[in-house]
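Novice: If you want the building blocks of each chain, they are given just below.
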Amino acid sequence: MTAGPDLRTAGRRQTAALSVFLLVQTLGTVFFVGDVIGDLRKDPASMHFAFEAIVTAALVLGILFGSFALRRTIELLRAQDQALAVARGALSDVIERQFQSWAFTPAERDVGLLALKGLDVAEIAELRGAAQGTVRAQLTRIYSKAGVSGRAQFAAFFVEDLLGQGVTAS
Amino acid sequence: MAALRTLTAEAPAAPPALWDPVVRLTHWGIALSVLINALVNKGGSLLHVSLGWLVMALLILRLVWGALGPSEARFSAFPPNPVAAVRHLGQLVSGRVREYPSHNPAGALMAYVFWATLAVVTATGLILTGGATPMQVAAEKAAVASGDWSALIKESEGESSDEDTALRHTAEEVHDVAANLLLFLAALHVAGVVVESRAMRRNLVAPMVLGQRRK
Numbered sequence: 013m014t015a016g017p018d019l020r021t022a023g024r025r026q027t028a029a030l031s032v033f034l035l036v037q038t039l040g041t042v043f044f045v046g047d048v049i050g051d052l053r054k055d056p057a058s059m060h061f062a063f064e065a066i067v068t069a070a071l072v073l074g075i076l077f078g079s080f081a082l083r084r085t086i087e088l089l090r091a092q093d094q095a096l097a098v099a100r101g102a103l104s105d106v107i108e109r110q111f112q113s114w115a116f117t118p119a120e121r122d123v124g125l126l127a128l129k130g131l132d133v134a135e136i137a138e139l140r141g142a143a144q145g146t147v148r149a150q151l152t153r154i155y156s157k158a159g160v161s162g163r164a165q166f167a168a169f170f171v172e173d174l175l176g177q178g179v180t181a182s
Numbered sequence: 003m004a005a006l007r008t009l010t011a012e013a014p015a016a017p018p019a020l021w022d023p024v025v026r027l028t029h030w031g032i033a034l035s036v037l038i039n040a041l042v043n044k045g046g047s048l049l050h051v052s053l054g055w056l057v058m059a060l061l062i063l064r065l066v067w068g069a070l071g072p073s074e075a076r077f078s079a080f081p082p083n084p085v086a087a088v089r090h091l092g093q094l095v096s097g098r099v100r101e102y103p104s105h106n107p108a109g110a111l112m113a114y115v116f117w118a119t120l121a122v123v124t125a126t127g128l129i130l131t132g133g134a135t136p137m138q139v140a141a142e143k144a145a146v147a148s149g150d151w152s153a154l155i156k157e158s159e160g161e162s163s164d165e166d167t168a169l170r171h172t173a174e175e176v177h178d179v180a181a182n183l184l185l186f187l188a189a190l191h192v193a194g195v196v197v198e199s200r201a202m203r204r205n206l207v208a209p210m211v212l213g214q215r216r217k
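Protein chains in written order, with our numbering: chain P, 13 to 182; chain Y, 3 to 217.
Take these hints with a grain of salt, some might be off.
[To be verified] What follows is a list of derived Cβ distance ranges for each label pair:
no., chain 1, residue 1, chain 2, residue 2, range
1, Y, Val192, P, Glu138, 20 to 28 Å
2, Y, Gly97, P, Val98, 31 to 39 Å
3, P, Val98, Y, Val42, 45 to 53 Å
4, P, Ala168, Y, Tyr114, 37 to 45 Å
5, P, Leu73, Y, Val179, 31 to 39 Å
6, P, Ala95, Y, Leu169, 52 to 60 Å
7, Y, Val195, P, Lys54, 39 to 47 Å
By construction, these hints were calculated from the structure, which means they are not laboratory data.
Source: prediction; values computed, not measured.
Using N, Cα and C, we set each Cβ at its ideal position, and we do this for glycine too.
Just chain P, with the same shape it has in the complex (with noise of 0.2 Å):
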């Protein structure tokens, strides 16, 4: 879970700084073509004005290309936000449809989840406002449910799902 924030601000960092790099420089841009436009006013035989033309639209069409490519980098970025949402949200069905095949009570279900997720027995206990012998008596049950060893092996179960060689429930 720490990996998503991470990636999720240093991506909003990225599209911050481009953004205020694109109005820096349409700002320049605009100020550049109010130049332009004031010099062929007051004189209007300018041998400037095809040099300055060419810088004119070359800094137009970089705002157009900022613009698409910031646009790109945040589509990217949200494309990828999405892919791991639904990668976490297929994880949590496969670990929802095996729990439910192992017959887990509710309780069960938390503390299994809990344990998952690293957290260890005090903790658990914490957490749920339990007894440290109650979580213990639960992981084991849960343990011989699941038909493993301990929490190592438990875990190990949905880390071999998510290599891609699907275990079968008995």
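Since chain P is already given, all that's left is putting chain Y on it; use the hints.
Specialist: For chain Y alone, kept in the frame of chain P given last:
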């Protein structure tokens, strides 16, 4: 378990949880510049002209973004539709509100009126300053300050001065009226956000600032 579920269940037609940075930047940039120019500094000053040019750049950027930006920032996501706007206000009064993927129809109409008014204000501002960029204004001010009054003569020397002053006078009137209209629209906009937030039971300001803080 709920924590794992929330990420997948995204309402299909809700406005974004966080507007993209260009929308936010242009929104607050324009809001701040308009407020400063309308309430604090006086017309014709270097700061006033500079902020005017800044608003022009922000407006242009937002309009470009309306054509090239992500879907919810594009004009096609919130076409100007007065009929739909009135219908939306009716729904708001009766308490049944719908979700829209971008601005709601009333808010969309507000945005277009804002942009049109901003365009009028900047255009008349340009007429008033004779299209002088902030650099030229600064140079003129510096010249006058150093005792070279010739910079001031340029404006009054033209032959069609009668027509010119009439145009400037009209521009000034329009500039003032449109600027006041902007302030009125801003107040209306804030009121709309408050009412809409109440009706939808949702914070509509957060997406325009930093988005919802997730724990």
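Novice: Of the hints given before, which are not true for this structure?
Specialist: 1 and 4
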